[in-house]
Amino acid sequence: MQDLQLSSTASTDEAPPTLPEFIEKHTLTGHTKPVNTLAISPDQAFILSGGDDCILIIWDVLSGRLLQEIRVHINGPVGSATWVWTDEDRVSSGFIFGCADGTVQYFRKEAASFRPICTQETSASRASVDAIAFDSHHHRVSTASGGTTCLWSLDHTGMLYRREDNPLLALNLALGLKEIRQVETQDLIVSTLLFIEAGTILVVCYLESQEAVAYEIDPWKVLWRRILRTRIGFALAAPNKTLAVSNLSDGIDIYSTPPSRLLDTHQHPVRQNYRLQMASFYGGAFVAVGSDSGKPRIYSRTGGLHRTVPHGHRLVPTIVSSQSGDTCYLGTAATEHPFDIKVWVATKAEVMVSSVEDGNQVLSPKQLLLIAFLCILTQIILSQLEPVSELGYMVAGRLLRLMQSY
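Going by UniProt numbering, the sequence shown opens with residue 1, and the numbers climb by one from there.
There may be inaccurate statements among the hints.
Only pairs whose alpha carbons sit at most 20 Å apart, straight line, appear in this in silico SDA-like list of lysine to any residue [as the list claims (entries may be wrong)]: (1) Lys25 / Thr200; (2) Lys25 / Asp326; (3) Lys295 / Val345; (4) Lys109 / Asp52; (5) Lys33 / Asp292; (6) Lys109 / Ser93; (7) Lys109 / Ile70; (8) Lys33 / His313; (9) Lys33 / Gly294; (10) Lys241 / His313; (11) Lys109 / Ser123; (12) Lys25 / Asp52; (13) Lys109 / His139; (14) Lys33 / Thr335; (15) Lys33 / Asp52; (16) Lys221 / Glu208; (17) Lys241 / Lys109; (18) Lys221 / Pro239; (19) Lys221 / Thr265; (20) Lys33 / Asn75; (21) Lys109 / Pro42; (22) Lys25 / Gly325.
If you're looking for bench data, these hints aren't it; they were derived computationally from the structure.
Please read these numbers as outputs of a predicted model, since none were measured by experiment.
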């Protein structure tokens, strides 16, 4: 096992970034058993939730309304899900979810609802689908079930083709998933699948063996493999080239990519040995992690614990985020009664963020516009009071003090 040294890259003079307050937008209720997975569409229009009640629900993000309910009792609990989209416009075209019987199902978006395209088995063992990842650059999907990792090519168009071998089935819907690679290991639980480097590399993280393995996809070969210091409950590849790991021991570890250096640790109490999911936003500057005490934590990359999100006094291991511009959505879900989902929103533009450069305060665009407006207003008032009276000087003085306060 490679000895990982703690090597923090954060400068002591670096000011921690400013994160807006997350405001609770919706509380979604519809599941009757633990919620295992959440996924927000890249266009922030929909949110998926799947649970042990063998139901997958599509919600409207803006209104919080339940749009569609997909019952898969024959396939068992829903353990993982991901959206499908094109990298050019980031508009959701469908989704894929995995069930306890080892099947994955692909649904495509139509005008008013999502309809099924295909169902595929992911392994001969028919074990639960533990992880799913989607690569928008090459339209590839990776699934993990019973220690078997599969790589699929996705036919997102669902084109019709002619079945020459059976005239009774002249037309049939083309299968949306085609298997192109399979990897089997001794570790039966894959905790996380990650596509990195624009989808050219697939990283497989194993729970018990503490191993992370990276495969180059084309041509297929092992790029690197590392054994981390703890079990890997969940892993997250941040845009800033770091790998965050929920370690099932004492909190979060931040590694370089490849994970040859342990850059930082964020410790928090672990009351239950439960796999806590993670999410990142604002370019990896912040990492959120689920909680075994009802309060998911948000950590700053440079400043440690930033704040907590008060979901409730329950086990809340399921978490997801989505960011578009300055608006960030955070979803948290409980695996204990009442099995609710909360949607939180933060808008960075609403916060007047000031930074310090060379000892001088830099004003935000909103502050500059306000000062310009007050200056124009002062000129108008003074022009109406010529010759300048004592009242004019008083008004100008008060406006000047108001501008200085900003």
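Structure-based check of all given hints:
1. Lys25 / Thr200: With a Cα-Cα distance of about 36 Å, the restraint between Lys25 and Thr200 is violated, given a limit of 20 Å.
2. Lys25 / Asp326: holds, 16 Å
3. Lys295 / Val345: holds, 16 Å
4. Lys109 / Asp52: Roughly 24 Å between the alpha carbons, so the hint for Lys109 and Asp52 is violated.
5. Lys33 / Asp292: holds, 17 Å
6. Lys109 / Ser93: Since the Cα atoms of Lys109 and Ser93 sit roughly 5 Å apart, the hinted pair holds (cutoff 20 Å).
7. Lys109 / Ile70: holds, 13 Å
8. Lys33 / His313: Cα-Cα ~17 Å, so holds.
9. Lys33 / Gly294: holds, 17 Å
10. Lys241 / His313: Answer violated: Lys241 to His313 is near 34 Å, above 20 Å.
11. Lys109 / Ser123: Distance of about 27 Å is beyond 20 Å: violated.
12. Lys25 / Asp52: Distance of about 25 Å is beyond 20 Å: violated.
13. Lys109 / His139: holds, 16 Å
14. Lys33 / Thr335: Given that 20 Å is the threshold and the Cα spacing comes to 7 Å, the pair holds.
15. Lys33 / Asp52: Measuring from Cα to Cα gives roughly 5 Å; hence the hint holds.
16. Lys221 / Glu208: violated, 23 Å
17. Lys241 / Lys109: The hint is violated at about 33 Å.
18. Lys221 / Pro239: Not OK: Lys221 and Pro239 at ~24 Å, beyond 20 Å, violated.
19. Lys221 / Thr265: Violated - the C-alpha atoms of Thr265 and Lys221 are around 31 Å apart, more than 20 Å.
20. Lys33 / Asn75: At roughly 16 Å apart (the allowed maximum being 20 Å), Asn75 and Lys33 satisfy the hint.
21. Lys109 / Pro42: Distance of about 14 Å is within 20 Å: holds.
22. Lys25 / Gly325: Measuring from Cα to Cα gives roughly 18 Å; hence the hint holds.
When each numbered hint is compared with the structure, violations occur for hints 1, 4, 10, 11, 12, 16, 17, 18 and 19.
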